[in-house]
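Going down the list, the sequences are from chains A and B. For the first sequence, the positions run 317 to 641 when the working numbering is used. For the second sequence, the positions run 317 to 641 when the working numbering is used.
None of these hints come from the bench; they were simulated from the model. It is possible that some hints are incorrect.
Note that the list lumps identical chains together, so a pair holds whenever it fits in one copy or between two copies.
Unchecked claim - Heads up, simulated DSS-like pairs for lysine-lysine below, C-alpha to C-alpha not over 27 angstroms straight-line:
| hint | residue 1 | residue 2 |
| --- | --- | --- |
| 1 | K318 | K480 |
| 2 | K587 | K356 |
| 3 | K373 | K495 |
| 4 | K587 | K639 |
| 5 | K480 | K532 |
| 6 | K391 | K373 |
| 7 | K524 | K608 |
| 8 | K631 | K610 |
| 9 | K495 | K480 |
| 10 | K587 | K495 |
| 11 | K631 | K480 |
| 12 | K509 | K587 |
| 13 | K495 | K571 |
| 14 | K587 | K555 |
| 15 | K391 | K318 |
| 16 | K524 | K318 |
| 17 | K495 | K639 |
| 18 | K318 | K495 |
| 19 | K495 | K356 |
| 20 | K555 | K571 |
| 21 | K391 | K631 |
| 22 | K571 | K631 |
| 23 | K318 | K571 |
| 24 | K391 | K608 |
| 25 | K571 | K639 |
| 26 | K391 | K356 |
There are 2 protein chains.
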Amino acid sequence: MKIAIYGYGNLGRGVECAIRQNDDMELFGVFTRRDPASLKTLTGAPVYASDSIEQYKEEIDLVIICGGSATDLPKMTPRLAETFNVIDSFDTHANIPAHYAAVDAAAAKSGHIALISAGWDPGLFSLNRLYASSILPDGADYTFWGRGVSQGHSDAVRRIDGVKDARQYTVPVPAALDKVRSGSMPTLSTREKHTRECFVVAEDGADKAAIETAIKTMPNYFSDYDTTVTFITQEEMQKNHAALPHGGFVIRTGKTGLNGEHTHTIEYSLKLDSNPEFTASVLVACARALYKMKARGDSGCKTVFDLAPADLSPKSRDEIIAKML
Amino acid sequence: MKIAIYGYGNLGRGVECAIRQNDDMELFGVFTRRDPASLKTLTGAPVYASDSIEQYKEEIDLVIICGGSATDLPKMTPRLAETFNVIDSFDTHANIPAHYAAVDAAAAKSGHIALISAGWDPGLFSLNRLYASSILPDGADYTFWGRGVSQGHSDAVRRIDGVKDARQYTVPVPAALDKVRSGSMPTLSTREKHTRECFVVAEDGADKAAIETAIKTMPNYFSDYDTTVTFITQEEMQKNHAALPHGGFVIRTGKTGLNGEHTHTIEYSLKLDSNPEFTASVLVACARALYKMKARGDSGCKTVFDLAPADLSPKSRDEIIAKML
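Based on the provided sequences and hints, a complete structural model is requested.
Written as structure tokens, this is what we have:
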């Protein structure tokens with residue numbers, strides 16, 4: 317199967333690397349809004365102008381759209397689904413139903429297949445919430461994120477006056493994790509679940525106390541959390557905070573038995589050196605599943621909930637039954 | 317949907333309890349090889365003779381077969397698939413392809429749908445091996461079991477001369493878990509991964525040293541492990557070892573990036589107070605999925621790899637997309 321990458325940031329580069337790890341896939345090329353001549357890909361894959369993609373429609377089996385959820389994907393995914401089979405990693409949870417409806421309308425009309433919101437959350441974490449709640453209906457589930465870099469929160473700090481650069485880590489509170497794992501099904505406030513650590517490079521002469529106050533009192537982003545602010549140099553930022561690690565936990569505890577006398581804990585966790593590369597790896601496995609579904613005549617918008625696990629694997633069904641079941 | 321339970325041991329009782337936790341299901345009754353008049357169910361569900369089941373074929377949507385993998389299921393599941401939609405928890409990994417073929421032939425011929433090897437291993441652990449290896453092709457996965465009671469190993473100890481009762485716990489070695497989580501992809505011997513703890517009630521006057529030697533040198537079961545043997549009284553056995561806890565870990569680590577420079581860890585773990593009740597909860601969720609697939613016209617033998625996650629949930633697709641994705 318021939319895959320095109322649409323958008324070439326961290327995620328697009330991750331997809332480029334992930335395709336090389338899968339023998340049944342081939343990278344057609346990268347489509348960018350920048351001047352194609354100015355862009356050099358990691359693997360030397362060819363670069364095309366994004367507005368030229370229609371002319372390659374016979375040569376591309378599937379487009380992995382690597383744009384941002386805020387403004388790019390709501391436009392790009394429905395539009396590209398008119399001509400291509402597409403996958404995105406749309407992650408604004410509250411807007412998923414609207415995005416789904418728009419993509420489904422486009423894909424159903426054109427007869428293509430689409431998958432939205434693939435990745436790890438939404439994605440693998442969603443799958444684990446679904447499996448666990450279906451198996452233990454009398455229970456509660458909890459999602460923790462981190463320790464990892466939140467791009468959105470880092471950007472919010474960078475927009476403060478006097479901030480030159482910033483990196484924000486979301487950190488799960490160990491005591492909250494332990495309480496959840498105990499099976500007591502606690503009610504946890506936002507503050508009890510996560511802390512936020514900010515590393516900030518201030519501009520010369522900036523008022524550091526004012527910056528710290530601006531961060532800690534910022535509504536939605538920080539005011540509901542215990543936040544620490546550490547000022548560092550640009551060199552320290554480059555040396556210690558260049559990577560994009562992330563991860564987290566989905567835990568469900570639930571009761572079974574005649575009178576709920578037995579407690580069970582299902583825990584799923586990820587520890588990722590590179591958030592974009594791992595997300596890209598999920599997208600690429602999902603691309604394989606979508607390609608198989610399309611070959612069977614399926615179309616319209618799908619989510620990870622609709623993908624039969626067998627379709628994600630490059631191995632034959634006989635082989636996975638014999639070796640992995 | 318109306319479900320029948322075929323076989324009424326620990327697993328059958330677990331299914332009986334699990335059905336009560338799901339509003340979209342109803343227990344038709346329990347089928348047993350024992351005298352139905354002699355058997356009292358936990359919830360007062362009606363009891364029928366196992367050889368009378370054919371006469372209720374119009375009233376039963378699906379049969380959950382709760383027999384043993386060694387001798388019961390290889391006969392029961394193909395035979396019942398001639399008349400019913402069926403699910404079992406066949407767990408002899410090496411014989412799964414043969415069991416699959418037999419059940420698939422019967423179900424395909426009769427137009428029924430069947431699911432074999434549902435539970436947590438095979439089952440949820442298999443799913444996690446499949447998802448993780450599809451996402452991180454350049455990696456290695458590891459399955460650890462326990463701490464939990466192994467019925468097979470407990471039975472093996474009970475068959476030794478002079479043993480009145482026995483309970484065997486399989487225990488993962490913490491150092492091995494840590495080594496795996498580090499991402500170093502170690503090669504681990506059987507002995508390095510698990511230890512075995514035996515609690516034994518000896519008969520009066522039995523030669524305890526001989527029993528201990530017989531256990532520790534038993535091929536396949538114990539000789540490849542570091543095994544501890546502790547003699548206890550029948551009272552201690554009843555007080556401290558009556559439960560059937562189990563659990564375990566599926567961990568995959570893998571590399572991504574242009575030159576494999578980033579490492580990721582995917583970990584799935586279960587901590588179960590009651591192995592049979594949790595297995596039953598998985599079977600019941602799978603029954604729902606199978607029922608939906610049958611309603612869409614599907615038939616033949618399936619595995620957990622073939623079930624779209626959305627089908628496991630009692631919630632509508634719109635609801636899970638809006639709330640769980």
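With 27 angstroms as the alpha-carbon cut-off, assign the pair K571 and K631 to within, between, both or neither.
Result: close only across copies, 19 angstroms inter versus 36 angstroms intra.
Tell me, please, which holds for K495 and K356 at an alpha-carbon limit of 27 angstroms: within, between, both or neither?
neither (49 angstroms within a copy, 38 angstroms between copies)
Homo-oligomer pair classification [K480, K318; C-alpha up to 27 angstroms]
Close neither inside one copy (41 angstroms) nor across copies (64 angstroms); limit 27 angstroms.
Classify it for me, K391 with K631: is the Cα-Cα distance of at most 27 angstroms met within a copy, between copies, both or neither?
Result: close neither inside a copy nor across copies, 35 angstroms intra and 29 angstroms inter.
27 angstroms Cα cut-off: does K373 pair with K495 within a copy, between copies, both or neither?
neither (52 angstroms within a copy, 47 angstroms between copies)
Within, between, both or neither, where K587 and K356 count as close if Cα-Cα is 27 angstroms or less
Close neither inside one copy (30 angstroms) nor across copies (49 angstroms); limit 27 angstroms.
Can you tell me if K631 and K610 fall within 27 angstroms by alpha carbon in one copy, between copies, both or neither?
both (18 angstroms within a copy, 26 angstroms between copies)
Alpha-carbon proximity between K555 and K571, which holds within one copy, between copies, both or neither at 27 angstroms
Only across copies: K555 and K571 sit 22 angstroms apart there, 47 angstroms inside one copy, limit 27 angstroms.
Using 27 angstroms as the alpha carbon limit, work out where K495 and K639 are close: within a copy, between copies, both or neither.
between (37 angstroms within a copy, 24 angstroms between copies)
Homo-oligomer pair classification [K571, K318; C-alpha up to 27 angstroms]
between (47 angstroms within a copy, 23 angstroms between copies)
Between the shortest in-copy and the shortest cross-copy C-alpha distance, which are at most 27 angstroms for K495 and K571: within, between, both, or neither?
The answer is within: 16 angstroms in one copy meets 27 angstroms, while 32 angstroms across copies does not.
Are the CA atoms of K631 and K480 at most 27 angstroms apart within a copy, between copies, both, or neither?
Close neither inside one copy (49 angstroms) nor across copies (47 angstroms); limit 27 angstroms.
Violated hints, in rising order: 1, 2, 3, 7, 9, 11, 16, 18, 19 and 21; the structure is consistent with all others.
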